[in-house]
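**Q** Chain by chain, the residues:
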Amino acid sequence: MNFFNLLRIALKALRRNKLRAFLTMLGIIIGVGAVITMMAIGSGSKQSIEETFSSMGTNMIIVRPYSNIPLPGGVRIGSSNIQSLTLKDVDKIRGEVTNISALSPGISSSGQAIRGAKNWPTNMQGASVDYLSIRKLSVSIGTNFNEEHEKSFAKVCVIGQTVVKNLFEPGENPVGQIIRFGKIPFQVIGVLTEKGQNTFGQDQDDIIVAPYTTIMKRVKASIYIQNIFASAEKEELSEEATKNIIAVLRSSHKLRKEQENDFDVRTQQELISTMSKTSNMMTTLLTAVAAISLVIGGIGIMNIMYVSVTERTREIGLRMSIGAKSRDILLQFLTEAIIISITGGLIGVLLGISATYFIANFLKWPTIINQNAMLVSFLVCVLTGVFFGYYPALKASSLDPIEALRYE
Amino acid sequence: MPDILKMENIKREFILGPQVVKALRGISFSVQTGEFVSIMGSSGSGKSTLLNLIGCLDKATEGDYFLDSTNVKSLDKNELAELRNKKIGFVFQSFNLLPRTSALENVELPLLYQKGISRSERKERAMQALEKVKLADRFEHTPNQLSGGQQQRVAIARALVNEPVLVLADEPTGNLDTRTSYEILNLLQELNRDQQKTILLVTHEPDIATFSSRTLILRDGKLLRDFQNITVRSAKEALAAIPVNDDF
Ligand SMILES: Nc1ncnc2c1ncn2[C@@H]1O[C@H](COP(=O)(O)OP(=O)(O)O)[C@@H](O)[C@H]1O
Ligand SMILES: [Mg+2]
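Protein chains in written order, with our numbering: chain H, 1 to 408; chain C, 1 to 248.
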């Protein structure tokens, strides 16, 4: 039997029952569509998370106070309320850790930024001059503050675009203007370049940076700091730098060997890999669920093919009586199953692409259509067709023509 | 005239658990090209079993069967299929047309299982076969758009399209009324007379057998009688004799 005749016979048989063929395909269509969409969402969000962290500085190391030891009474407290980091720690790190290129204490205060009749609830980050370079932030108008400002507890600040939008008129130059944070007036000396939202929906432009000395003395009146930010000289050195910082802080805090750290050091690298792992896991999970629907689609094909073989027993008998060989019947039913799965697969790919397009454009989720995912799910479809179509086809081909013709 | 088929002491036994059903118990006869043979007998006498053997759908338990000088005994399943495809045309009591498929496509079917026939040749030959049964104008109709008699004529066209040496019909008029039965018989007689088609027709109605040129009568798997019909009735005349009633 030549291939085109086989194809023609199978197509004609399918055309006799279009609705059924379509319904049989539906499982495959949804399965493949779901796999492609899920993988697109998965890899899209993974890439977006990675980009977010990279844009925040891949060399960044953050130290936070941390305690695993509950206070008397079993209460644990949030890290920002633990007072274990001081400027002395920052100095020691500066003096003893060599493989870092930038260092900044961090102390922040939330409050109301006010200018005239306008006000905006935001967060003021106290930091050193290095902070902007550590966070990969840059000044677009004006300048960053300098070490003189730090030494003199100067009431100056640089502000993000969101703060600009909420406190100033459009077109107004904020540089040189005075805003108040709580009761304290600050002079704006620089405006930060716009960064937009990160993957988690945080507005990265809703920020005011001021000298840490000013925040410590004038805003919070505290001798403790909340964070230490550092940049490793190179990405590869982050791990070593982290080890050094831990050693320095342990000696600075006079911790004995058996005592746990009262601080926590994280590198951006670790965060990226943790987030990637989480998002990989989510992708795998979603894809697995989608793959299950593909298998169910395959079982649907098998089910319908069995029904079809039984229903068409007389047809099979007739075909055999007019000269079809067992192999012709086997191939006919197998071809029908494969056509169903391939067509379903192709429609599924289109559905997956459209769904992804819809999600990307209307829900604004990050997505990446993975060509391999498309190819793989398509191949899986074809295999599903062969696998689940084989047994019904074998059953059809092994019928006895006389019995089949007599079947009621 | 050469023998188109020859049977020598053909036996067919079915094993049903501990029981052996002897459907055919040693049958010998031969048929020459151009004969119109009816096979008669009561129900269960082995008519269908015999026709299935002749049509190479089944193999004898014992004995030799030569179809167009080929001994069928030595052939395997695939070779039998090929033989059916090239040399046999089947007509069934229940038509066995593919539903939702046009008359033309139904008739084309046997040619799809033959190598080296182009699409256009297939269409052309199927059209010619439909012309022979006078249904060329209905080639696009599907079975449910055709009457029982028309459906059987499409089935006959399908049996003719591969230009078989033998046309085998198992109770072809069993599902049809008298008038339509005579129309089908008239068609078979024309094919036999004008195109020298060899026809074997199974029936249990003595009336139908009178239209053939020769009758074989089976009883309990044995050939009871084998005789030439001295006066072959003409289906055309029989058709003219019954009044045209308008209740169909
Ligand atoms: N596949 C089979 N298995 C068992 N017995 C069968 C089979 N086919 C036919 N027979 C038996 O063989 C005998 C002849 O059957 P059949 O040729 O169908 O008779 P007819 O067509 O003359 O009515 C019957 O007794 C029937 O029961
Ligand atoms: Mg019978």
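These are calculated hints, taken from the structure and not from any lab test.
Heads up, some of the hints might be wrong.
[To be verified] Subject to a maximum C-alpha distance of 25 Å in a straight line, what follows is the list of computed DSS-like cross-link-like pairs (lysine-lysine):
#, chain 1, residue 1, chain 2, residue 2
1, H, K151, H, K136
2, C, K115, H, K12
3, C, K123, H, K12
4, C, K59, H, K395
5, H, K12, C, K6
6, C, K123, H, K395
**Q** Within a Cα-Cα threshold of 25 Å, do K12 (chain H) and K6 (chain C) meet the stated pairing?
**A** violated, 39 Å
**Q** Does the structure keep K123 (chain C) and K12 (chain H) at a Cα separation of 25 Å or less?
**A** Holds: K123 (chain C) and K12 (chain H) sit about 15 Å apart, inside 25 Å.
**Q** Taking 25 Å as the top limit, are the C-alpha atoms of K115 (chain C) and K12 (chain H) close enough?
**A** Given that 25 Å is the threshold and the Cα spacing comes to 19 Å, the pair holds.
**Q** If you draw a straight line from the CA of K59 (chain C) to the CA of K395 (chain H), is it 25 Å or shorter?
**A** holds, 22 Å
**Q** With the threshold set at 25 Å, check whether the alpha-carbon distance from K151 (chain H) to K136 (chain H) stays at or below it.
**A** holds, 24 Å
**Q** Regarding the pair K123 (chain C) and K395 (chain H), is the alpha-carbon distance no greater than 25 Å?
**A** violated, 31 Å
Of the numbered hints listed earlier, those contradicted by the structure are 5, 6.
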